[in-house]
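**Q** Residue numbers (full-length UniProt numbering), protein chains in the order written: chain G, 1 to 228; chain X, 1 to 228; chain R, 1 to 228; chain E, 1 to 228.
A couple of the hints might just be wrong.
Remember, identical chains collapse to one label, so a pair may be satisfied in a single copy or spanning two.
Unchecked claim - 20 Å max Cα-Cα, derived SDA-like pairs, lysine to any residue: (1) K93 / G132; (2) K93 / S175; (3) K59 / Q17; (4) K93 / T5; (5) K59 / R27; (6) K59 / G131; (7) K93 / Q199; (8) K93 / E207; (9) K93 / A140; (10) K93 / H210; (11) K93 / E24; (12) K59 / D212; (13) K59 / G44; (14) K59 / N179; (15) K93 / D76; (16) K93 / R217; (17) K93 / G44; (18) K59 / T5; (19) K59 / G201; (20) K93 / A202; (21) K59 / E24; (22) K59 / W33; (23) K59 / S83; (24) K59 / R8; (25) K93 / Y57; (26) K59 / Y215; (27) K93 / W33.
What the hints contain is simulated information worked out from the structure, not anything from laboratory work.
One letter stands for each residue in the lines below.
4 protein chains.
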Amino acid sequence: MTVTTDVRDTIAHLRVQVADLHAELPRNQLVVWTAGNVSARVPGRDLLVIKPSGVSYDKITPEAMVVTDLEGELVDGELSPSSDTAAHAYVYKHMPHVQGVVHTHSTYATAWAARGEAIPCVLTMIADEFGGEIPVGPFALIGDGSIGRGIVETLRNHRSPAVLMRNHGVFTIGSSARNAVKAAVMCEDVARTVHLSRQLGAPLPIEQHHIDSLYQRYQNVYGQEPTK
Amino acid sequence: MTVTTDVRDTIAHLRVQVADLHAELPRNQLVVWTAGNVSARVPGRDLLVIKPSGVSYDKITPEAMVVTDLEGELVDGELSPSSDTAAHAYVYKHMPHVQGVVHTHSTYATAWAARGEAIPCVLTMIADEFGGEIPVGPFALIGDGSIGRGIVETLRNHRSPAVLMRNHGVFTIGSSARNAVKAAVMCEDVARTVHLSRQLGAPLPIEQHHIDSLYQRYQNVYGQEPTK
Amino acid sequence: MTVTTDVRDTIAHLRVQVADLHAELPRNQLVVWTAGNVSARVPGRDLLVIKPSGVSYDKITPEAMVVTDLEGELVDGELSPSSDTAAHAYVYKHMPHVQGVVHTHSTYATAWAARGEAIPCVLTMIADEFGGEIPVGPFALIGDGSIGRGIVETLRNHRSPAVLMRNHGVFTIGSSARNAVKAAVMCEDVARTVHLSRQLGAPLPIEQHHIDSLYQRYQNVYGQEPTK
Amino acid sequence: MTVTTDVRDTIAHLRVQVADLHAELPRNQLVVWTAGNVSARVPGRDLLVIKPSGVSYDKITPEAMVVTDLEGELVDGELSPSSDTAAHAYVYKHMPHVQGVVHTHSTYATAWAARGEAIPCVLTMIADEFGGEIPVGPFALIGDGSIGRGIVETLRNHRSPAVLMRNHGVFTIGSSARNAVKAAVMCEDVARTVHLSRQLGAPLPIEQHHIDSLYQRYQNVYGQEPTK
């Protein structure tokens, strides 16, 4: 597969954006060492831009980012793609509306994932951003495609842009790479708050019709312009 | 409604102050992403200065701040006001002594709010700053005025400048925007300390007459000049 | 009381040192807002150098530091002394070997203090630095001298340079202001580690003869030169 | 013992590397004050490069690093070696494949160590990096060689590059000083995540054959080139 000249500009732009978004992961304390990765779909092409494998956060530059196809095979770049590339690629292949994917082992969310327990919707900000509980995906081994399948099968049935992969960590999706990063930040934030709340008793539930109302409003009117 | 020339100087000054105070929220780890907001009343006018909706903390400038009336309608500024503006406006309308309002989803305070549980006064710094427990306000949906009403009805009956809104987060008031920010910082600090203390047993109560004595002293003699 | 020219140089030096040491408190996450203070005795004089009341950590300069006598009365400086000055002064008056005092409301140590519970000596670093458990002092109100008395009466009977004042916070002492700051940093660190350890079970005790042996060794041979 | 000219270049290079790696300890919140140390073996020589005793992290320079033999005796440098040097030296003497050693009192890992409890392998990243549980070593006093013996006897029987020394802290080993630092960072990260997960229930186990498969893959294919 070759990358034509006209798509090069788009890719150059996405390399900058994806490199910049990686800085949000340590800034929001979602990752340690070289763990975690952000990718963006190349619009209209069966390609994605992602972090290379095992590179420190202070060495991430646009040039270091790599381009792969939706099988996870390297198309452009000097370094090997992240070992999580196959999972990102599977999501883009099977969820055409997804433009960005993020993976972290953020502490509190991964603590829920280790118990295989969904985060209940007991905060208005969970209703706003996730539209209900944050669900758990299956145990899956890296290398056999089961991570990507587990993400897609879980998120297809939920409003939530985040899934807690059992014994592993978090994957989030978004209508842009930036929105997927936002979902990863919010997921850890609510995972922490609900964890703490549960330590000293039972958080109060929010009624389903309130959850629906909060979700509809937030998806339509928050921010400087409609997000959908 | 028009803003006359003479109030423009005051508003220009408040834009700088409110923009600067927003930096205290991430510095004190009270917010993630674009959550949280600070406002100031324009003295003697039915106006307030507040953060626009959905803007990153590293993009907050005096120019980006917006001015609304006490119905939350935009009077001056390029961007849409924070989606929490109606709640701020309601507080200014019904509590004439309040000059500043802050809203956060700070982690430990919100964990108490999710259980609908007040923070008991078991530290001398809670007696100093809050004069007793930090109370819980009702569950309230954004958009129908119930958040503002819940804040005002709860705080009218308490010494505390902070209220934990059920399943939501924290609102604080102050005799200045800076004092409201201080209350938000102290609220999270004591929410965390009492949370931790409770995890391993029961914090010892402080007798009511000691609470009264600490509160009176702190409100009158602390700092470089009396705060009231 | 007047300060003669020859002691002015010493005081000028201590103002720089005490101002610099205050930066360690936020750096080590021991304080929020304007809470916390460090003082140093002026050697051979009944004087101390301390932080003024209610001043932000980013506004602390050598010039802002104030000098008081051992009754806590201002001798030199533009601003009012910290409201905790009387407690510091009492310690210097009654413990002649103490050259530095630190006060914080650091989170984990204060959580133990709220329960009125000593931190048990279950880590070799507690044995090294504190020589046994970190004890609890009495409940004491600011303003009547009972805080200073509580500190002195508790620490006189312990190897520990740190005391957890009930429902309040931590005071530490040292053979220098820097050593008192070190004790405050170590106190919070072990308060946190033992808190966490206790959450999931019972930390294993260390036998008394091992505690004694660790303490003797650390007080005599650690660092680049003997500390006593 | 004298250091010949040809080994001086190697040592100069290791001084820079070891000094730089010390910056990772506070950056990853593994240490407070002067605690913690990193060392590197001088390849092909019975020498190691290590941090001096009791020196602040902001005063660590290549020149301040010291060189000792494998008895922990100073060979080159101005300052006294870390009081943990004997333990590092013992590891290099008895584990010839080890090129780097790290010691910390990182909070969550030390909380497990205080209970004498191994960290169970309930996360895929524990399987990847540690190949199973992170084991506990014996209680050992500084000064009699028992720390070094405890590390070596524990790690010889495990895949894990990290050992939790009872009532004390963490030691990690690596095929380079950088890999030993990575193991220390990952050890604290998984200690924290599993701690939190256990607070609200029982983390789900990972089957042994999955652990074996994850470990084999990670040790062979992760990063830009094989790590073994």
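**Q** Which holds for K59 with R8 at a C-alpha limit of 20 Å: within a copy, between copies, both or neither?
**A** Neither: 23 Å inside a chain and 29 Å across chains, both beyond 20 Å.
**Q** How would you classify K93 and W33 at a CA-CA limit of 20 Å: within, between, both, or neither?
**A** Neither, since 29 Å and 29 Å both go past 20 Å.
**Q** At most 20 Å between C-alpha atoms: does K59 with Q17 qualify within a copy, between copies, both, or neither?
**A** Both. Shortest intra-copy (15 Å) and inter-copy (17 Å) distances satisfy the 20 Å Cα cut-off.
**Q** At most 20 Å between alpha carbons: which applies to K93 and E207, within, between, both or neither?
**A** Classified as neither; 36 Å inside a copy, 30 Å across copies.
**Q** Treating 20 Å as the Cα threshold, decide for K59 and R27: within, between, both or neither.
**A** both (15 Å within a copy, 16 Å between copies)
**Q** Up to 20 Å between alpha-carbons, please classify K93 paired with A140: within, between, both or neither.
**A** Close inside one copy (18 Å), not across copies (41 Å); limit 20 Å.
**Q** Is it within, between, both, or neither for K59 and Y215, if the alpha carbons may be no more than 20 Å apart?
**A** neither (38 Å within a copy, 26 Å between copies)
**Q** Within a copy, between copies, both or neither: which one fits K93 and H210 at a CA-CA cutoff of 20 Å?
**A** neither (34 Å within a copy, 27 Å between copies)
**Q** Between K93 and T5, at a C-alpha cutoff of 20 Å, which is it: within one copy, between copies, both, or neither?
**A** neither (23 Å within a copy, 58 Å between copies)
**Q** With identical chains treated as interchangeable, where does the CA-CA distance between K59 and G131 reach 20 Å or less: within a copy, between copies, both, or neither?
**A** neither (36 Å within a copy, 28 Å between copies)
**Q** At most 20 Å between C-alpha atoms: does K59 with N179 qualify within a copy, between copies, both, or neither?
**A** Cα proximity of K59 and N179: across copies only (17 Å, versus 23 Å in one copy).
**Q** 20 Å Cα cut-off: does K93 pair with E24 within a copy, between copies, both or neither?
**A** Classified as neither: same-chain Cα gap 26 Å, cross-chain 38 Å, threshold 20 Å.
Hints 1, 4, 6, 7, 8, 10, 11, 12, 13, 16, 18, 19, 20, 24, 25, 26, 27, counting from the list given before, are not met by this structure.
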